[in-house]
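Asks: Here the protein sequences come in this chain order: A and P.
The first sequence runs 1 to 436 under the numbering used here.
The second sequence runs 1 to 453 under the numbering used here.
Quick caveat, the hints were computed from the structure, so don't treat them as lab data.
Predicted model, so just to flag it, every value in this text is computed and none were measured.
Where hints are given, some of them may not hold.
In silico contact screen, one side only, chain A against chain P (beta carbon under 8 Å); selected entries [unchecked claim]: (1) 61; (2) 64; (3) 68; (4) 69; (5) 72; (6) 73; (7) 350; (8) 367; (9) 393; (10) 394; (11) 395.
Think about it this way: if two alpha-carbon atoms lie no more than 30 Å apart in a straight line, the pair counts; the simulated BS3-like pairs of lysine-lysine are [said to hold, decoys possible]: (12) P:189 to P:78; (13) P:249 to P:296; (14) P:346 to P:383; (15) P:112 to A:372; (16) P:112 to A:341; (17) P:278 to P:249.
Note that the Cβ used here is the ideal one computed from N, Cα and C, for glycine as well.
Spelled out, the chains give:
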Amino acid sequence: MADIRNNFVGIKSPNPFWLASAPPTDKAYNVERAFKAGWGGVVWKTLGEAGPPVVNVNGPRYGAIWGADRRLLGLNNIELITDRDLQTNLREIKQVKKNWPDRAMIVSIMVPCEEASWKAILPLVEETGADGIELNFGCPHGMSERGMGAAVGQVPEYIEMVSRWCKATTRMPVIVKLTPNITDIRYPARAAKTGGADAVSLINTISSIISVDLDNFSPEPSIDGKGSHGGYCGPAVKPIALNMVAEIARDAETRGMPISGIGGITTWRDAAEFLALGAGNVQVCTAAMTYGFKIVEEMAAGLSNWMDEKGHKTLDDVISRAVPNVTDWQYLNLNYIAKAKINQDSCIQCGRCHIACEDTSHQAITNMLDDKRHFEVIEEECVGCNLCVNVCPVQDCITMEPLSAGVLDKRTGKKVLKKYSNWTEHPNNPSKVAAE
Amino acid sequence: MAGKQLDDGIVSGRLNTKALDENFSDLHPLLDNHEALVASDRCYFCYDAPCVTACPTDIDIPMFIRQISTGNTIGAAKTIFDQNILGGMCARVCPTETLCEQACVRELAEGKPVKIGQLQRFATDEAMDQGKQFYERAKESGKKIAVVGSGPAGLACAHRLAMHGHSVTVFETRKKAGGLNEYGIAAYKTVDDFAKKEVNYIASIGGIEFVHGKKFGSDIALKGLKSEFDAVFLGIGLSSVNDLNLSEKDPEGLDDAVDFIAKLRQAKNKTKLPIGRKVVVIGGGMTAVDCAVQAKLLGAEEVTICYRRGQDQMNASLFEQDLAAAKGVTIRHWLQPVKIKSSKGKVTGIHFEYTQLQSGKLVRTGKKLKLEADQIFSAIGQKLTESDIGSDKNIKLSGGRIMIDDEGKTSQKGVWAGGDCTDRGEDLTVTAVAQGRDAAESIHRSLSSGKAK
Numbered sequence: 001m002a003d004i005r006n007n008f009v010g011i012k013s014p015n016p017f018w019l020a021s022a023p024p025t026d027k028a029y030n031v032e033r034a035f036k037a038g039w040g041g042v043v044w045k046t047l048g049e050a051g052p053p054v055v056n057v058n059g060p061r062y063g064a065i066w067g068a069d070r071r072l073l074g075l076n077n078i079e080l081i082t083d084r085d086l087q088t089n090l091r092e093i094k095q096v097k098k099n100w101p102d103r104a105m106i107v108s109i110m111v112p113c114e115e116a117s118w119k120a121i122l123p124l125v126e127e128t129g130a131d132g133i134e135l136n137f138g139c140p141h142g143m144s145e146r147g148m149g150a151a152v153g154q155v156p157e158y159i160e161m162v163s164r165w166c167k168a169t170t171r172m173p174v175i176v177k178l179t180p181n182i183t184d185i186r187y188p189a190r191a192a193k194t195g196g197a198d199a200v201s202l203i204n205t206i207s208s209i210i211s212v213d214l215d216n217f218s219p220e221p222s223i224d225g226k227g228s229h230g231g232y233c234g235p236a237v238k239p240i241a242l243n244m245v246a247e248i249a250r251d252a253e254t255r256g257m258p259i260s261g262i263g264g265i266t267t268w269r270d271a272a273e274f275l276a277l278g279a280g281n282v283q284v285c286t287a288a289m290t291y292g293f294k295i296v297e298e299m300a301a302g303l304s305n306w307m308d309e310k311g312h313k314t315l316d317d318v319i320s321r322a323v324p325n326v327t328d329w330q331y332l333n334l335n336y337i338a339k340a341k342i343n344q345d346s347c348i349q350c351g352r353c354h355i356a357c358e359d360t361s362h363q364a365i366t367n368m369l370d371d372k373r374h375f376e377v378i379e380e381e382c383v384g385c386n387l388c389v390n391v392c393p394v395q396d397c398i399t400m401e402p403l404s405a406g407v408l409d410k411r412t413g414k415k416v417l418k419k420y421s422n423w424t425e426h427p428n429n430p431s432k433v434a435a436e
Numbered sequence: 001m002a003g004k005q006l007d008d009g010i011v012s013g014r015l016n017t018k019a020l021d022e023n024f025s026d027l028h029p030l031l032d033n034h035e036a037l038v039a040s041d042r043c044y045f046c047y048d049a050p051c052v053t054a055c056p057t058d059i060d061i062p063m064f065i066r067q068i069s070t071g072n073t074i075g076a077a078k079t080i081f082d083q084n085i086l087g088g089m090c091a092r093v094c095p096t097e098t099l100c101e102q103a104c105v106r107e108l109a110e111g112k113p114v115k116i117g118q119l120q121r122f123a124t125d126e127a128m129d130q131g132k133q134f135y136e137r138a139k140e141s142g143k144k145i146a147v148v149g150s151g152p153a154g155l156a157c158a159h160r161l162a163m164h165g166h167s168v169t170v171f172e173t174r175k176k177a178g179g180l181n182e183y184g185i186a187a188y189k190t191v192d193d194f195a196k197k198e199v200n201y202i203a204s205i206g207g208i209e210f211v212h213g214k215k216f217g218s219d220i221a222l223k224g225l226k227s228e229f230d231a232v233f234l235g236i237g238l239s240s241v242n243d244l245n246l247s248e249k250d251p252e253g254l255d256d257a258v259d260f261i262a263k264l265r266q267a268k269n270k271t272k273l274p275i276g277r278k279v280v281v282i283g284g285g286m287t288a289v290d291c292a293v294q295a296k297l298l299g300a301e302e303v304t305i306c307y308r309r310g311q312d313q314m315n316a317s318l319f320e321q322d323l324a325a326a327k328g329v330t331i332r333h334w335l336q337p338v339k340i341k342s343s344k345g346k347v348t349g350i351h352f353e354y355t356q357l358q359s360g361k362l363v364r365t366g367k368k369l370k371l372e373a374d375q376i377f378s379a380i381g382q383k384l385t386e387s388d389i390g391s392d393k394n395i396k397l398s399g400g401r402i403m404i405d406d407e408g409k410t411s412q413k414g415v416w417a418g419g420d421c422t423d424r425g426e427d428l429t430v431t432a433v434a435q436g437r438d439a440a441e442s443i444h445r446s447l448s449s450g451k452a453k
């Protein structure tokens, strides 16, 4: 049985699944339920400084996009940090940590970008017995306009500065939560590292307008006929998050820095992908908000079963395993040639592979053979682009089959070469370097 | 058991009004919005979709389903009506399980096709309930066309002709228009007077006049129509039924399934409809199933369909056979009726001989079966007789039906035909619609080029 216990910057949890700082972690009632359901840890919803709590809108806070059968693919929100009194939150954090000593309790914090503000709140949080803090430099709406959240996360110098203040003030590990609303994620990550932060977590939500009400022409969620941008999350953002995690994991300056992966994680498979790309653990929100806390059972069991099947004994056997395989386009092997192959036994004859290829790509799939509906790859035309695989409704019906070295590629009329060869040495590259 | 439910003989009122209302309620109630969205989400928007190929009227099914899924239900209805103005009735009565839904790739994938028929009804009902008219008549052409018969073929033909600006007179023997849609389909497939509503919806395009009480062949003749109109379309159906030929004089209780179905459709009060306690239906088609199921729903205790061939040869679809079984009808195969038993002029039973296929030929085996019955329905098909088409011998028949070409032209110049009365009829509403529509286009082409007469 695989060991999925997690140790993230010294914070231990029975599994690598934490609930991200968000509505599910706003109060003891929810967090107690989450721990009962089996979550390894939580990042308590962001606390602000003492004083009058923030206020939220009193109309809709969320908007969504859906796939077939109204499966929620993307969620957008305009909710702010906790709107509960600071003392209430601190009291509850302390009690819950006491009740669940084996679970990770991280507290998310967002206060103005002044040293005094951070110095004021950190001892209060530390007193709760929390395991660590997460600096919310990511929230893209509401708070950022007040000079906090993403407004800080978009300025590497501020990240470095605040990280430094925190590290100087508290014994607790400091995790810096990054905003994806930036051109190059490596810069804020480097700044966090330079500032002494123990880890980064990403991604926070992406600035977005989720939809427009076509009756009153208001962006949604619509508050009295108006809408503002919100933060986008859910399964749809996972690819963006994976890329950003990988960028940090393979960057020379930040390599090895612990990463808590966040962004659209819905199943064990999503989680395993984040781990493989360098995340030390994962944080989940939308999936829980869609299906409830019970989904952690599938995540934990699925991850464990997969690890057993593959012979991975601990999370360390998985973490960062895919990082060496992330490269830049110019280093991809141009001598690797694959062709699509349609399994006629599992083909249901929908014809989508044909029309996708015919209308929009390479005219490499038949629709008729001997006057009968029949879909088959024309190897002479197939560039191996994978579009047909992606539009086919039947999993594994179309596969990409690599051609072995020495085999004739019917499209180019040339034999497949065994040798690895990339763009840097390609004759068409004006700045090619000589092959070694 | 209360009341007269178990009385012998043919009696009315076996079930009370409440039970009958329940029994004859909508077989497939209209999908609600949620159901329609879930069902429409399952469509893969196939290329050159097999469902469209399987539809005799070539409705662009993936398109109308996509329109439903995006909330454009009215647009979906137009997509359907563009090809099939009787899309509402076809959504109810088409044997989709042997047409579009059989061809659906999700039938192949999961054995569960997209609910094409029910989605079609969802869209067409919405448009019809809103009274949404999609078509306007072209400028008056000055041409007059006689359409004989107001069934699906005649209505589809009349509507398309009216669209092209022609003036159409529809001749109908019966009191109501609609043909088999009004008189010939099981009541639970088309509730709430839908056939009549559909006729009104179609006729509201204008340019279509209905003349009732005129029987073709006797009250009106082809010759007269040809002189009075620029073109004639015959959509007269098959108005005579095949005879069992088992007794010289029909005893009381030997009835015709087609008449029974028509009476049931027109009945204002089903408690007044008499039905036997033990009912046998002879035949293997949709009519046999419609008759048997409704006999059961009216309160018959035992209903048995006897068919002279095997299950594979039954014209009734598997869905219809399952429906019959679910309603408590027994279906028996390989039984050839040989003698009707009666006493004092009333049916008491029927004798069969078992059959089998021998080198492709149906032969009797000598083995016998006797079934008790107080009512026997014959549902062994309909035909066209000389009196149905009048004395006009110039119309060529093929296999006892009017011969037509690809466009619906008969052997007589200026005369078109479509639906069950033709040699290309398939006993399907949707085929009749396709033929009526296509004949209208052919008539329009001829009239436009001045060649009809």
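Asks: Each hint: holds or not?
Replies: Each hint tested on the structure:
no., hint, in the structure
1, 61, "24 Å, violated"
2, 64, "15 Å, violated"
3, 68, "4 Å, holds"
4, 69, "5 Å, holds"
5, 72, "14 Å, violated"
6, 73, "13 Å, violated"
7, 350, "4 Å, holds"
8, 367, "6 Å, holds"
9, 393, "5 Å, holds"
10, 394, "7 Å, holds"
11, 395, "11 Å, violated"
12, P:189 to P:78, "23 Å, holds"
13, P:249 to P:296, "27 Å, holds"
14, P:346 to P:383, "27 Å, holds"
15, P:112 to A:372, "23 Å, holds"
16, P:112 to A:341, "26 Å, holds"
17, P:278 to P:249, "21 Å, holds"
Violated hints, in rising order: 1, 2, 5, 6 and 11; the structure is consistent with all others.
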